[in-house]
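Participant: Since the structure of chain U is already known, use the hints to place chain X on it.
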Amino acid sequence: MGAGKLLSAAALWLLLGCGLALAEDDAAPPPPDPCALPESLTSDDSVLHRTASALTAGNPLRIVVMGSVSSLGFGTSGLGKGYPHRLEDELRQLLPNAKPVVLILARLGQTAADMFARIERDVLPRRPNLVIWQTGTVDARRAVSFHDFARVVNGGIEQLHHHGIDVILMDMQYSPKSLNLGDYETYQDYLQQLSDRNDVILVRRYDMMRHWHESGDIRLDADDKTAQERTADQVHACIARHMARMIVIGLRAAEPEPSSAPER
Amino acid sequence: MLRFTVLDRVRGVLLRPPRTEAVPGGRDLRLDFFRGLALWFIFLDHVPSNALAWLTVRNYGFSDATEIFVFISGYTATVAYGEAMRREGFLYGGARILRRCWQVYIAHLVLFVVFTAQIAYTAARFKNPMFVEEMGIIGFINEPEIALGQALLLKFRPANLDVLPLYIALLAVFPVTLWFLLRFPRATLAGSFALYAAARVFDWNLPTYPEGEWVFNPLAWQFLFVLGGLCRRLQTANLWERLEPRVFVPLAGAWLFFAFFAVLSWSFPLLGGWIPLWLRVLLYPIDKTGLDPVRLLHFASLAYLTVRLVDAQAAFLRRSWARPLLLCGRHSLQIFCLGIFLSFAGHFILVQFNGSMIMQIGVSLSGLAIMSGWAMVMTWYDRVGAARKRGG
Chain U
1 MGAGKLLSAA ALWLLLGCGL ALAEDDAAPP PPDPCALPES LTSDDSVLHR TASALTAGNP
61 LRIVVMGSVS SLGFGTSGLG KGYPHRLEDE LRQLLPNAKP VVLILARLGQ TAADMFARIE
121 RDVLPRRPNL VIWQTGTVDA RRAVSFHDFA RVVNGGIEQL HHHGIDVILM DMQYSPKSLN
181 LGDYETYQDY LQQLSDRNDV ILVRRYDMMR HWHESGDIRL DADDKTAQER TADQVHACIA
241 RHMARMIVIG LRAAEPEPSS APER
Chain X
1001 MLRFTVLDRV RGVLLRPPRT EAVPGGRDLR LDFFRGLALW FIFLDHVPSN ALAWLTVRNY
1061 GFSDATEIFV FISGYTATVA YGEAMRREGF LYGGARILRR CWQVYIAHLV LFVVFTAQIA
1121 YTAARFKNPM FVEEMGIIGF INEPEIALGQ ALLLKFRPAN LDVLPLYIAL LAVFPVTLWF
1181 LLRFPRATLA GSFALYAAAR VFDWNLPTYP EGEWVFNPLA WQFLFVLGGL CRRLQTANLW
1241 ERLEPRVFVP LAGAWLFFAF FAVLSWSFPL LGGWIPLWLR VLLYPIDKTG LDPVRLLHFA
1301 SLAYLTVRLV DAQAAFLRRS WARPLLLCGR HSLQIFCLGI FLSFAGHFIL VQFNGSMIMQ
1361 IGVSLSGLAI MSGWAMVMTW YDRVGAARKR GG
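So the protein lines, in turn, are chains U and X.
Residue 264 is where the first sequence ends in my numbering, and the numbering goes up by one at each step.
Residue 1392 is where the second sequence ends in my numbering, and the numbering goes up by one at each step.
The following block holds chain X by itself, in its conformation from the complex:
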């Protein structure tokens, strides 16, 4: 009887008839909330061997925080720069975007320096012949002039700094993308999809130094970014609503469940036997670089169910505990860079001093607290600045 009530309620929420999602002028807080959540997940995922990383999306499905981050960034970039471009024209709007792109590029270089310093420090003190091969990562220090040059070109990227170059690349071409998106949204989406498909079929990607290719292929991942922008452009709270919930909610749910089961089978191999061999051959390996359709579908299912479950006016978004997430999501780029920096610092602490479970939890929580605190400081700063400007 009790169980019936809860399930009923959930089902009612999932299958409710569409209602006009009026977000009059104000921000859709869900964007900030989930992007903030994505940033927290990215931080937790980047502290290696982190006990708390078990909380993040990547352990429950095929997609991870990167998808959430890229999609929402596409949406909010269209919000932020679409208006400017519409009002002030292509040149000014484009200039604003490129200015932002430059800022991200500089942030990336700073992080690169921090990363290099940390590696050099650890390598100098770590001498165990058992790990002599792993230490080869520091080989680039022997040719600093080449490594630095390649880093400036975004061709040399140590692990963990992979999302920023993607973002830089996406922003760099965004003036043109946005112009087309504003005028011919559906054609732009079609073109974006064509590029995504072509990049996957013909193996197009950008190179890295000394070998290999970008971990996040901008030619493929741009599709998710444009999709986010399109959702904004077509005011797609309503687009989600047009999909018949009785069909799509179970489909989305089924896919999420399957993904959860598959991921679980990676940690508990005996479960893997339940997935038939032909399905495993079809599914694996799941392409992270080229935004495997399986990942895209997983993210879409997640987003769909979230949008159905969480109303734009949902009460919890205004609670005080949601505030840190909202603020982190609002200043996403700075918090992202801060998060990467903190993950380096956190890893360093865990390695140098104490890597126990308690320390891992402590470092993770401190990092999240610092990120939230910093977001609050920036919000305060913006508010004071805006008040000053208004005051004259």
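Bound-form chain U, shown alone:
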């Protein structure tokens, strides 16, 4: 008897809560922003300590993007439309004093291990203070062992941290006709866990693109070339915008609060 009443009460509260949530949605005007994403996809409490201290010391913001073909902007309507270029544009507006520069070190078909090997050779000599590491796609495609994947990504992050460079991870693209049929998820899990372990920001591109596709904001199943290029442009632009915001938030969080002690 008691259990029944409790359950009905719980159900009532649940309905009430749902009703309120829905009512709230109806009440708010539709956001004009085509890149809109739920809070949970863009929030990350990791702080860009190292980059912030480099900027405070007077250095300009130098970002190196390590990645595979999507970091080269494949599928967009032209050079300069890929997310790294757009990121530079966004950051120039948001942090004009930092004189941000984005360098792209991406190549087709690179696994995380390939990129890890390039850190010493190609990334460090360019003296960045922030590295954006886009990985997972090629590894998933080639079914690289999870163990090796985790090892090189973790090792790479630690190496970059050791040289005073902050890291931002980015996972794979979402495509509705996902040919991989499955194990993207495990690589995604690994990226999420490695980002937690090393306290770095993770840009969850797969989830973001999936949200846009499923909400209809940016459909990813176009068949003709112009439509495909247009959606690619949109995706890269939106990714860049969110990434820029996350960088700014990460930098701001590194500024010491006058009243409270820094976290960790």
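Honestly, the hints are just simulated from the structure, not real lab data.
Worth double-checking, as some hints may not be accurate.
[Unchecked claim] DSBU-like mimics (lysine-lysine), calculated; alpha carbons at most 35 Å apart, straight line:
1. X:Lys1155 x X:Lys1127
2. U:Lys177 x X:Lys1155
3. U:Lys177 x U:Lys225
4. X:Lys1389 x U:Lys225
[Unchecked claim] Stretches of chain X that chain U covers, calculated by requiring three or more beta carbons in the stretch to come under 8 Å of a beta carbon on chain U:
5. 1064-1078
6. 1208-1214
7. 1282-1291
8. 1361-1367
For clarity, every value in this text was computed on a predicted model and none was experimentally measured.
Using N, Cα and C, we set each Cβ at its ideal position, and we do this for glycine too.
Facilitator: Relative to the frame of chain U, chain X by itself:
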């Protein structure tokens, strides 16, 4: 006052004193039920981007349906073949196991062909330079003779076909495992654990083509399989009971809660800050291939609480709504293969026609219905066959 009553009841069930779990001759329906549930979860998890996949275990803890499936399969394989081996001897018992292993191997090849056909079909129609790298998956079609050869050796496996080769490997050595398990159960468990530990420490695994290793390392996952068999061998409903519930129920509950919180923090990163950094360094990454102890512990906690909460004679197991799950669990291997096949088909439909949320739910429910229906057909078929045999 009301809340107190419910909690009291739950606590009473969890902490009740041990009672002899007599399952006289009959099947422990819980095995069928939870294995059926695991199969449903595996199906839902294998339809990519599936809205209903949110219902499955992997989103609430570190372990997933694979653990449930492997453990229960170890238990039921010991039931099914232990008797035969005891009665008819090692050779006959072993032959029966290998025959089953062969069937699973053939099923795996069929699924491989279906998978390849689907990929080739989709790839031929999907041309978007934005995803040119993702399309590389079809590279193996350029060298079919090599790919097929490697597939026959279980070395080339597209994603989603990872549990079957594990099962094939486990069954292939099961005649020997079972022989030892029946005679020296504790020693076998110790040996199995030693292999599990060694595989993790020394990085032993089987290779895949063109590179990499088995997603589910048989050398590690065999431990869970043997554990299931051991539980059967030692009639372990009582083994669970011997653990002091006042200590272990809260421990298990605490671990499950922690796991739930951690998994939640992957979707809602702001929660992650509550887990201290040293704990995150210790915990992550959680090894799926080598059966991370964290996953094992999560599964053990889940199993422990389930066994405590759900009696072998629990009434709900006999209700009509539980029947589809029970039947799926009973014919687990066929339903598993069917589930994988349906997940391919479901994904194909979602991609070709309509991938909306409604379609995802529709495809998921249809798949579960087909699996249940097929299980019912097989049950009917078995029953008619048995009656025929009895009738003469």
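Participant: Residue count check for the stretch 1208-1214 of chain X against chain U: does it reach three with CB-CB under 8 Å?
Facilitator: Since 5 is at least three, the answer is holds.
Participant: Taking a Cβ-Cβ distance under 8 Å as contact, does the stretch 1361-1367 of chain X have three or more residues in contact with chain U?
Facilitator: The restraint on the stretch 1361-1367 of chain X is violated, since only 0 of its residues have a Cβ under 8 Å from chain U and three are required.
Participant: Taking only the CA atoms, is the gap from Lys177 of chain U to Lys225 of chain U under or equal to 35 Å?
Facilitator: 16 Å, holds
Participant: Apply the coverage criterion to the stretch 1282-1291 of chain X and chain U: a residue qualifies when its Cβ sits closer than 8 Å to a Cβ of the chain, and three qualifying residues are needed.
Facilitator: holds (count 8)
Participant: Starting from Lys1389 of chain X, check that the Cα of Lys225 of chain U is at most 35 Å away, please.
Facilitator: Not OK: Lys1389 of chain X and Lys225 of chain U at ~64 Å, beyond 35 Å, violated.
Participant: Compare the distance between the alpha carbons of Lys1155 of chain X and Lys1127 of chain X with 35 Å, and conclude whether the hinted pair is satisfied.
Facilitator: 29 Å, holds
Participant: Are there three or more residues in the stretch 1064-1078 of chain X whose C-beta lies closer than 8 Å to some C-beta of chain U?
Facilitator: violated (count 0)
Participant: Starting from Lys177 of chain U, check that the Cα of Lys1155 of chain X is at most 35 Å away, please.
Facilitator: Distance of about 26 Å is within 35 Å: holds.
Checked against the numbered hints given earlier, this structure breaks hints 4, 5 and 8; the rest are met.
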